[in-house]
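Enquirer: Listed here are the chains, written in short residue letters.
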Amino acid sequence: MAEESVLRDDFLRQLISVGEVDILVGLATHNNAKTVGPVVKAIQAGILTYFPRERAAIINADGGSRDGTPDLVTRVSIDDARPAGNLRTLRTLHSISTHYGNGPSGSALRTILAAAELLRAKACAVISPESVNIEPDWISRLLRPIYNENFDLVLPLYRRHKFEGLLMRNVIYPMTRSLYGCRIREPYATEFGFSGRLGSDFVNRDIWSHEMARSGPELPLTVAAMTGGYRLYQSFLGTKAPMDRGSNDLVPALRHTVGALFWSLQPNFAVWSASPNSQPVPTVGPESEVALEPVRVNRKRLRDAFLTGVAELDPVFRSILSPSTLAELQQIAGRSEDDFRYPAELWVKTVYEFAVSYHKSVMSRDHIIQALAPLYRGRMFSFLAENRNGSAEDIEHNIETLCGEFERLRPYLLKMWNGGE
Amino acid sequence: MTLNNDVLWYKDAVIYQVHVRSFYDKNGDGVGDFQGLAEKLDYLQDLGINAIWLMPFFPSPLRDDGYDIADYRSVHPAYGTLEDFQAFLAAAHERDIRVIIEMVLNHTSDQHPWFQESRSSPDNPRRDWYVWGATDTGYKGTRIIFVDTEMSNWAWDPVSKSYYWHRFFSHQPDLNYDNPSVREEMWNVMKFWLEMGVDGFRLDAVPYLVEREGTSCENLPETHAILKELRSKLDEQFPGRMLLAEANQWPADLRPYFGDGDEFHMAFHFPLMPRMFMGLKLEDRKPITEILQQTPEIPAGCQWCMFLRNHDELTLEMVTDAERDYMYDMYAEEKSMRLNVGIRRRLAPLLDNDRRRIELMNGMLMSLPGTPIIYYGDEIGMGDNIDLGDRNGVRTPMQWTGGWNGGFSAAEPEKLSLPLILHPVYGYPAVNVLAQKRSEHSLLSWMQHIVSVRRSTPVFGSGTIEFLYPANHRILAYVRQLGKETILVVNNLSGAAQAVELDLRQYKGNILIEMSGRNIFPRVGDLPYLLTMGPYQFYWFRLRRI
Numbered sequence: 000m001a002e003e004s005v006l007r008d009d010f011l012r013q014l015i016s017v018g019e020v021d022i023l024v025g026l027a028t029h030n031n032a033k034t035v036g037p038v039v040k041a042i043q044a045g046i047l048t049y050f051p052r053e054r055a056a057i058i059n060a061d062g063g064s065r066d067g068t069p070d071l072v073t074r075v076s077i078d079d080a081r082p083a084g085n086l087r088t089l090r091t092l093h094s095i096s097t098h099y100g101n102g103p104s105g106s107a108l109r110t111i112l113a114a115a116e117l118l119r120a121k122a123c124a125v126i127s128p129e130s131v132n133i134e135p136d137w138i139s140r141l142l143r144p145i146y147n148e149n150f151d152l153v154l155p156l157y158r159r160h161k162f163e164g165l166l167m168r169n170v171i172y173p174m175t176r177s178l179y180g181c182r183i184r185e186p187y188a189t190e191f192g193f194s195g196r197l198g199s200d201f202v203n204r205d206i207w208s209h210e211m212a213r214s215g216p217e218l219p220l221t222v223a224a225m226t227g228g229y230r231l232y233q234s235f236l237g238t239k240a241p242m243d244r245g246s247n248d249l250v251p252a253l254r255h256t257v258g259a260l261f262w263s264l265q266p267n268f269a270v271w272s273a274s275p276n277s278q279p280v281p282t283v284g285p286e287s288e289v290a291l292e293p294v295r296v297n298r299k300r301l302r303d304a305f306l307t308g309v310a311e312l313d314p315v316f317r318s319i320l321s322p323s324t325l326a327e328l329q330q331i332a333g334r335s336e337d338d339f340r341y342p343a344e345l346w347v348k349t350v351y352e353f354a355v356s357y358h359k360s361v362m363s364r365d366h367i368i369q370a371l372a373p374l375y376r377g378r379m380f381s382f383l384a385e386n387r388n389g390s391a392e393d394i395e396h397n398i399e400t401l402c403g404e405f406e407r408l409r410p411y412l413l414k415m416w417n418g419g420e
Numbered sequence: 000m001t002l003n004n005d006v007l008w009y010k011d012a013v014i015y016q017v018h019v020r021s022f023y024d025k026n027g028d029g030v031g032d033f034q035g036l037a038e039k040l041d042y043l044q045d046l047g048i049n050a051i052w053l054m055p056f057f058p059s060p061l062r063d064d065g066y067d068i069a070d071y072r073s074v075h076p077a078y079g080t081l082e083d084f085q086a087f088l089a090a091a092h093e094r095d096i097r098v099i100i101e102m103v104l105n106h107t108s109d110q111h112p113w114f115q116e117s118r119s120s121p122d123n124p125r126r127d128w129y130v131w132g133a134t135d136t137g138y139k140g141t142r143i144i145f146v147d148t149e150m151s152n153w154a155w156d157p158v159s160k161s162y163y164w165h166r167f168f169s170h171q172p173d174l175n176y177d178n179p180s181v182r183e184e185m186w187n188v189m190k191f192w193l194e195m196g197v198d199g200f201r202l203d204a205v206p207y208l209v210e211r212e213g214t215s216c217e218n219l220p221e222t223h224a225i226l227k228e229l230r231s232k233l234d235e236q237f238p239g240r241m242l243l244a245e246a247n248q249w250p251a252d253l254r255p256y257f258g259d260g261d262e263f264h265m266a267f268h269f270p271l272m273p274r275m276f277m278g279l280k281l282e283d284r285k286p287i288t289e290i291l292q293q294t295p296e297i298p299a300g301c302q303w304c305m306f307l308r309n310h311d312e313l314t315l316e317m318v319t320d321a322e323r324d325y326m327y328d329m330y331a332e333e334k335s336m337r338l339n340v341g342i343r344r345r346l347a348p349l350l351d352n353d354r355r356r357i358e359l360m361n362g363m364l365m366s367l368p369g370t371p372i373i374y375y376g377d378e379i380g381m382g383d384n385i386d387l388g389d390r391n392g393v394r395t396p397m398q399w400t401g402g403w404n405g406g407f408s409a410a411e412p413e414k415l416s417l418p419l420i421l422h423p424v425y426g427y428p429a430v431n432v433l434a435q436k437r438s439e440h441s442l443l444s445w446m447q448h449i450v451s452v453r454r455s456t457p458v459f460g461s462g463t464i465e466f467l468y469p470a471n472h473r474i475l476a477y478v479r480q481l482g483k484e485t486i487l488v489v490n491n492l493s494g495a496a497q498a499v500e501l502d503l504r505q506y507k508g509n510i511l512i513e514m515s516g517r518n519i520f521p522r523v524g525d526l527p528y529l530l531t532m533g534p535y536q537f538y539w540f541r542l543r544r545i
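Residue numbers (numbering that gives the first Met the number 0), protein chains in the order written: chain R, 0 to 420; chain B, 0 to 545.
One or more hints might be untrue.
Stated by the list, open to error - Calculated cross-link-like contacts (lysine to any residue; reagent style SDA-like; alpha-carbon spacing at most 20 Å):
#1 R:Lys-121 x B:Ala-495
#2 B:Lys-280 x B:Tyr-327
#3 B:Lys-280 x R:Leu-47
#4 B:Lys-280 x R:Arg-52
#5 B:Lys-414 x B:Leu-387
#6 B:Lys-39 x B:Gly-401
#7 B:Lys-280 x R:Arg-87
#8 B:Lys-280 x R:Pro-51
#9 B:Lys-280 x R:Asp-21
#10 B:Lys-39 x B:Asp-28
#11 R:Lys-121 x B:Lys-280
#12 B:Lys-280 x R:Glu-53
#13 R:Lys-359 x R:Ala-290
#14 B:Lys-414 x B:Trp-403
#15 R:Lys-359 x R:Ser-272
#16 B:Lys-280 x R:Asp-79
#17 B:Lys-280 x R:Glu-19
#18 R:Lys-359 x R:Arg-254
#19 R:Lys-40 x R:Pro-51
As the list claims (entries may be wrong) - Example chain B residues on the side facing chain R (calculated, C-beta under 7 Å, incomplete):
#20 Leu-281
#21 Thr-288
#22 Thr-319
#23 Tyr-468
#24 His-472
No lab work stands behind these hints: they were computed from the structure.
These numbers come from a predicted model, not from an experiment.
Note that CB positions come from ideal geometry on N, CA and C, so glycine has one too.
Build out the structure end to end from the sequences listed, making use of the hints.
Expert: Listed below in structure tokens is the structure:
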């Protein structure tokens, strides 16, 4: 039986009308009416300002919003039947929307990728509908390197508070850097740009039947670029608007990021097992800009979650972790709050051993990811304590040290992967 | 004289713009002439046009290709005699071809006897026929038109030791229309030609007739009053004759030139032309539909004049800065292709000699509301010579054959008024009338066909237009309607094949008959009407309820 098309017929008809484009901006939405209006206005302004002559389209893949989100997106279309007020534009700007069905959120990116391929888009960007502090020049920063300089993937750099983006700083960045050799600060991004050829390559890969790719394809896309000989670039976008996420969102976040990273290891074993030391990638703007304003963080809850996890998940950890790593975890769990530290080496070994267990499917892969959550919280507690009074340079130094540990211990991962210990 | 009696003849006309000097040299002196033009009337009749617009042919020092007139009541000796002109006029009328001549109202040559008298003394009776000033500071708010050559609209006259006003070249002093004698004399000049039988005038540079301090000196009410006065006399004494305005203005500013149907019969739609080129390059109908949406209704009996190219540069005055930059980058990469605020190139080179685009542009020219003008040589795809100065690069001799001087003249090549195009692609050995007449698939044959289809119905000349807005922005579609006759026009502005769904529900039950091949297309039903179109393809469908 033929595979069902990712594109609905009514969307296909809209794509026929859009025709070939030079620039495509994708938005994956689901009930984002509160924020999406200014975001699409900024996208429109960015296209008109920085790409006034290029053929452009905004493509919205919506998960079935009931708050009028798609209408807000399509409203920024500019054509002869809908003039743009005082805006004088050379071209028609299509902003179209489709309902990608009830599938996982990764289907939205797949829809955008498929549309980009059909429209033969040269340079594409994906923007989060929640990025309320987007400026029009984000469009330029994400697309110009692709459109003008033939890069294939442009990932963002943000100004973040020192205690934001901790999952990125403690796992995703250092591990991808260690394994794939590219110093990409935000391998999992909600805003990024990609070339038509990378998008086309990725959407046609035989990965979309895997749950991991369907639910969180952003990181696999980055890995595909890093392992496929594509040219990567980083653009500083400014301040990242903090997402309104509760602590309950950690496990889904781990699934989309750490899970996707673990999942990528097997098909890319040949690459990462022989990868040389990491190299910087071309970057515009500051690579790391850190805000230091004091913020309130409930550190006690983090440590409590760690302690509870270590106590209650002991049988699970015995299947995942090596005896020495588990012993060290139990040892630090016994320390007082003031003495509690989750050292970088132990954290790297923990992550690597989880990755190997994920590869070997020692249990349900989803349970493995869930089991990492309390340990990650312990690492967070330690990170916050170590950097409570740290300057921007201190934070950067500590992250660089952690990256160094991930790179230094890559042989350890390889040994475990190949059956050692 | 066999002309039909239709007083609205200009609405259904297809006009051919020609420069006598460059069309055909009968006497072999290297310069085209009226005898030569008369000899080629059969060619023009075969092409299907039914009106000729002649560029200035009056005695002139020719420092602006005849737009610097030194005698309004005669013919430049290089082009023949007044009798030659009369013979040509009669021959044209015998073929049911009307003749529109140029009338430069705004200024004369500085060699004109009027100006010579005017400058001779402040007390001369003709002193006040021109606009003089003791200083060069008057009318400060007035823009300079020929920005590449002129620094000021005032020029110092060493003879009378004062300044005179000129909107164009400094050798073209502006007449003073506040002087009733000037107005009277210019009407007498027009009457001279009308009595001879000319069918209309293209009135050159009409927005600039009157000057007033504190204004832009363009489109002033006093100017309109003068033009209305001319029109009134024309209708009274010469009914059925026509006035065509050259006013390079935005549509809203152009509208007053039609008055209440009591000023001009026709006016050029200058802003549309660059947007047709823009729409084609952008592959987007938006520039075209936008400017037509901004185009006001005009009185019954009035008409827009449409053109793709003419003897001047492709003017970019009526576009935004961003649009102008785009046009320059897309159509005039070489700086030498640019002149004043425009592009001095012919149609075929502008369109990379792409036959499909040339046909599409001509198809739009013939089907959008207005009377189309074909610039001589564009019907065979002539090229240009940007190495010639000013606008001479688009005024080179007509290419009739692949032989001696392209069949234009028997003179020595060195004696030609302008050199022929020798380019391997556009030169006369490759592009000429004789060769194209022998091929039914030539551009010339296609032009003959499209002109005949255009003229097969009055809908294109007089019908209303309603735009369809299919979601596919590469498709420019509109319905022309006059009485019970309805024509659907669909243009693909893209270089790639396109699918388009048209909402034709209001025409449900009609069948579509393609007007070129007369083949039948499916009947219109409730569903969107699906058409697939090849690159740069266009269709004209007659809707028939049978």
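Enquirer: Now tell me if each hint is right for this structure.
Expert: Verification of the supplied hints:
no. : hint                  : in the structure
1   : R:Lys-121 x B:Ala-495 : holds (17 Å)
2   : B:Lys-280 x B:Tyr-327 : holds (12 Å)
3   : B:Lys-280 x R:Leu-47  : holds (18 Å)
4   : B:Lys-280 x R:Arg-52  : holds (10 Å)
5   : B:Lys-414 x B:Leu-387 : holds (16 Å)
6   : B:Lys-39 x B:Gly-401  : holds (17 Å)
7   : B:Lys-280 x R:Arg-87  : holds (18 Å)
8   : B:Lys-280 x R:Pro-51  : holds (14 Å)
9   : B:Lys-280 x R:Asp-21  : holds (14 Å)
10  : B:Lys-39 x B:Asp-28   : holds (17 Å)
11  : R:Lys-121 x B:Lys-280 : holds (18 Å)
12  : B:Lys-280 x R:Glu-53  : holds (11 Å)
13  : R:Lys-359 x R:Ala-290 : violated (40 Å)
14  : B:Lys-414 x B:Trp-403 : holds (13 Å)
15  : R:Lys-359 x R:Ser-272 : holds (16 Å)
16  : B:Lys-280 x R:Asp-79  : holds (17 Å)
17  : B:Lys-280 x R:Glu-19  : holds (14 Å)
18  : R:Lys-359 x R:Arg-254 : holds (17 Å)
19  : R:Lys-40 x R:Pro-51   : holds (15 Å)
20  : Leu-281               : holds (6 Å)
21  : Thr-288               : holds (4 Å)
22  : Thr-319               : holds (6 Å)
23  : Tyr-468               : holds (4 Å)
24  : His-472               : holds (4 Å)
Violation of the numbered hints given earlier is confined to hint 13; every other hint is satisfied by the structure.
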